[in-house]
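In order, the protein sequence lines correspond to chains A and B.
Position one of the first sequence corresponds to residue 1 (my numbering), numbered consecutively onward.
Position one of the second sequence corresponds to residue 1 (my numbering), numbered consecutively onward.
It is worth saying that the hints were derived from the structure and are not from the lab.
Since we're looking at a predicted model, the values are computed, not measured.
One or more hints might be untrue.
As the list claims (entries may be wrong) - Which bits of chain A does chain B cover? Going by a derived footprint, with three or more residues having C-beta under 8 Å, they are:
no., region
1, 55 to 69
2, 82 to 94
Said to hold, decoys possible - Dumping the calculated DSSO-like pairs for lysine-lysine here, alpha-carbon to alpha-carbon at most 30 Å:
no., chain 1, residue 1, chain 2, residue 2
3, A, 128, B, 28
4, B, 28, A, 137
5, A, 142, A, 37
6, A, 106, A, 31
7, B, 51, A, 41
8, B, 131, A, 128
9, B, 131, A, 96
Virtual Cβ for every residue (Gly too), placed ideally from N, Cα, C.
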Amino acid sequence: MATSTTTRKPPQRRKPAAPDAIAILKDDHKKVDEMFKRFDKLKEDGDEKLALVQKICQELTIHTKVEEEIFYPALRDAIVDADMMDEADVEHASAKALIAELTQMKPGGDHYDAKVTVLGEYIRHHVKEEQQEMFPKARSAKVDLKALGKAIAERKQELSGSGGTAGEGARRAAASAAA
Amino acid sequence: MAARTESAARLPLRSAPSVAPDAITLLKQDHQRIDALFRHFEQLERDGVEKAAVVQMICTELRLHTQVEEEIFYPAVRAATGEAALTDEADVEHALARALVEELESMKPGDDHYNAMVAVLATYERQHMEKEHQEMFPRACATRLDLERLGAAIAVRKRELLGQSENATEPAPRAIGARLLS
């Protein structure tokens, strides 16, 4: 059981590998899930709730967009299971309807909390299906997940940079305020 | 309770009033029927009249069921529990289901995303029913809510709505569906 540690080379510094498409999407899922958990703990209808829900809506809007523009079409080309992809589209449409309503509202508005809660439940269900069914199928199909990951990362950057002029102004103001 | 059983027992069987189901029994019966229709749909492979009929029945059942819940059951639960969160969430879930029902009613089997819409509607409905069974119904039972009177009101309203929808819409798909399912 004795190992010769002396011959072992020092670990080489490697450039961290760019995350593949699935890693990026899973990371988004985690981020959104954490925000929904934070929402569940917020009691007061105030600025904090408003900012959090706006952030959830923004994250989800970008996430669904890159999936629909880049990830889903690539999977459709490679995977036979069109039904699964169709269902993902329908689930996105329901989520988008709720997001559109929420972005017009503020905390304390009629059914505001309920809409966020239901959105959270639907998203969790959708995420579970993606992670348990769609992603494994994508891995076993001949999809270039690295190239897709790169495209997704670029598109995400583009979308979060041009998220509306008001959003951009607010972000800049927040950034300079935080600095 | 004992007195009622006694007097009922004294009555001749044929004129004994059938015990009207309470609200929760009625709503659970609806859930069972809707779930059975979804299961029927899931077994259908071809896009044809049978699929159209089953989906039409699902849509009709869901319209009726959500409407009586919103008009009668939820307001009563909200008042009795003094809590809005559960019924508010149920309202939101109904609204999303209704959007899918409306889209499906303007489509036919074979159309783009038709099967997916039914599948997602089934998933959402099952989740919604599960929440009612696990959370809302037990809470309603724990209050002083008169579930028998609510049940009677729901039954009357459903009959009313059913009459309206049968007069207003083309009855053919429903009739076909009923034949297939009987």
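Taking the hints in turn, this is what the structure says about them:
As drawn, the region 55 to 69 of chain A meets chain B at 0 residues by the rule of a beta-carbon pair under 8 Å; below three, the given contact is violated. For the region 82 to 94 of chain A, the proposed coverage by chain B is satisfied: 7 residues have a C-beta within less than 8 Å of a C-beta in that chain, meeting the threshold of three. A distance of roughly 28 Å separates the Cα atoms of residue 128 (chain A) and residue 28 (chain B); the hinted pair therefore holds under the 30 Å criterion. Only pairs whose Cα atoms come within 30 Å are accepted, and residue 28 (chain B) paired with residue 137 (chain A) is rejected, the gap being roughly 37 Å.
Of the pairs offered as hints, the one joining residue 142 (chain A) and residue 37 (chain A) is violated, with about 35 Å between alpha carbons and a cut-off of 30 Å exceeded. Among the hinted pairs, residue 106 (chain A) with residue 31 (chain A) is consistent with the structure: their alpha-carbon atoms are about 22 Å apart, no more than 30 Å. The hinted pair formed by residue 51 (chain B) and residue 41 (chain A) fails the criterion: a straight-line CA distance of about 44 Å is larger than 30 Å. About 18 Å separates the Cα atoms of residue 131 (chain B) and residue 128 (chain A), which keeps this hinted pair within 30 Å; it holds.
Proposed proximity of residue 131 (chain B) and residue 96 (chain A) is supported: the alpha carbons are some 23 Å apart, at most 30 Å.
This entry does not satisfy hints 1, 4, 5, 7, going by the numbered hints stated previously.
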